Structures are given as C-alpha cells and as structure tokens.
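Novice: Sequence:
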Amino acid sequence: MEMDLNTYRARIDSIDDILLELLNRRLKYALEINQIKLEQGQTVLDSSREQKIMERLQAYNEGPISDEGMKKIFTTIIAESRRLMEQNRNNEPPTK
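Residue numbering for the sequence shown follows the working numbering, starting at 21 and increasing by one per position.
Derived Cβ-Cβ restraints for the label pairs, each shown as a range:
#1 P84 <-> S34: 17 to 23 Å
#2 I35 <-> L58: 31 to 37 Å
#3 E59 <-> E22: 55 to 61 Å
Keep in mind that the hints were calculated from the coordinates and are not lab data. The structure displayed is predicted, hence computed values, not measured ones. Every residue gets a Cβ at the ideal spot worked out from N, C-alpha and C, and that includes glycine.
Construct the complete structure from the given sequences, taking the supplied hints into account.
Specialist: Here is the structure:
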C-alpha cells in the first residue's frame, strides 16, 4: 500500500518535533558546559573542539545529506550554542 502525501508530511512533522526537542536538549548541555568553562576561566570559543565535532560528524554521515549540507546545519547549531553561552555570560535573559 502506497502512503499518501499527508502521511509522509505527518512523519516529517513528527521528526521535526523530535529534532527541536534534541536541539533544545543540546543547548541546555552547552549552557552547563559554559558554567564549567566559566569556573575554569575558559572562553566560550573552542575552535579545536568545533573542528573535532565536524570531523566526527563527517565520518558518521552516511547521507543522503551531503557533507557540505551537514556542515552548514551544524555550523548554525554551534553558532547558536556560542550565542547562548555569551548571552549567559553577560547575564542577559534568554531570547526566544
């Protein structure tokens, strides 16, 4: 039996909900890491860690997303993590 358009869209909507939940969980962990970095006198930016993340994800990527597409997505995710960490360090309220 062939699924119809609405069935596929419902599945994508469900995946989007899960992705958003996971992204928010990831950002909460980043804020916890930020606290540890503050206590240890470390800066927000850790270029070597970010490079390792990209290398690990590129090795893990089996497609169909291209490595370039994956890098764009994770560059945005990491940039948002850094933005939230800086905002947290400046005692600014979180924005939605």
